[in-house]
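Asks: Residues per chain are reported as follows:
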Amino acid sequence: GAGVSQSPSNKVTEKGKDVELRCDPISGHTALYWYRQSLGQGLEFLIYFQGNSAPDKSGLPSDRFSAERTGGSVSTLTIQRTQQEDSAVYLCASSIIRGNQPQHFGDGTRLSIL
Amino acid sequence: ILNVEQSPQSLHVQEGDSTNFTCSFPSSNFYALHWYRWETAKSPEALFVMTLNGDEKKKGRISATLNTKEGYSYLYIKGSQPEDSATYLCASTQGGSEKLVFGKGTKLTVNP
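Those protein sequence lines, which keep their order, are chains S and Y.
Residue numbers for the first sequence follow this note's numbering, beginning at -6 and rising by one.
Residue numbers for the second sequence follow this note's numbering, beginning at 101 and rising by one.
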């Protein structure tokens, strides 16, 4: 079956521009997560959606970052007024919420801010 | 704040060697421990999810153990093969939350 799909796979943009990253989770997965890996760092949690509950936004690094999940499926992570420190690989994952299930990751979006 | 630490940072072994890595995590409010394998240019692949103290899980030549009282997990690879070359990530969840806190990973290179 289809896995987690992310687009674009690569994005190069100028500092100050807005970017949108898209994630299409596995069908039937109620939980969706965004992480990022900056150079030399581990994977860092950003935001988590679970069904109709309010998202856990505790990992978003600044108010320039926002995310939404429409219709319980596709999610978009938006970064406004990008800065060079936003350069990273952004990974999306989805899972079934039924007690400690593994998360299934997409291939990621490599974002480079010039 | 939940800190997950992994050691070593990197490891080079010869084909056929057996090896192991360590993941340590705070034991208070522990919920689950995940192991993932991340090969270059691919997405992280789930290996194990463990929750109970003393849990042992096995998948082919790879196995893992969990000690929640002292806050550590070991990942073992028996008879390493070049295709095992990857970064191995562990991540912990705490207090009933599903969000993963990752260590920085152990990068394994298996030389033929």
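Any given hint might turn out to be false.
[To be verified] 20 Å max Cα-Cα, derived SDA-like pairs, lysine to any residue: (1) 8(S) <-> 71(S); (2) 199(Y) <-> 19(S); (3) 204(Y) <-> 100(S).
[Said to hold, decoys possible] Pulled from the structure, derived: some chain S residues nowhere near chain Y, Cβ distances all over 12 Å: (4) 8; (5) 30; (6) 71.
No lab work stands behind these hints, which were simulated from the structure alone.
For each residue, glycine too, the CB sits at the ideal point set by N, CA and C.
Asks: Can we trust that residue 30(S) is non-interface, i.e. its beta-carbon lies farther than 12 Å from all of chain Y?
Replies: Answer for residue 30(S): violated, closest chain Y Cβ roughly 9 Å.
Asks: Does residue 71(S) sit within 20 Å of residue 8(S), going by the straight-line distance between their CA atoms?
Replies: 14 Å, holds
Asks: Are all C-beta atoms of chain Y more than 12 Å from that of residue 71(S)?
Replies: 20 Å, holds
Asks: Please check whether the beta-carbon of residue 8(S) is more than 12 Å away from every beta-carbon in chain Y.
Replies: At about 27 Å from chain Y, residue 8(S) clears the 12 Å cut-off, so the statement holds.
Asks: Please work out if residue 199(Y) and residue 19(S) have their alpha carbons no farther apart than 20 Å.
Replies: At roughly 18 Å apart (the allowed maximum being 20 Å), residue 19(S) and residue 199(Y) satisfy the hint.
Asks: Within 20 Å, alpha carbon to alpha carbon, are residue 204(Y) and residue 100(S)?
Replies: 18 Å, holds
Checked against the numbered hints listed earlier, the structure breaks hint 5 alone; every other hint is satisfied.
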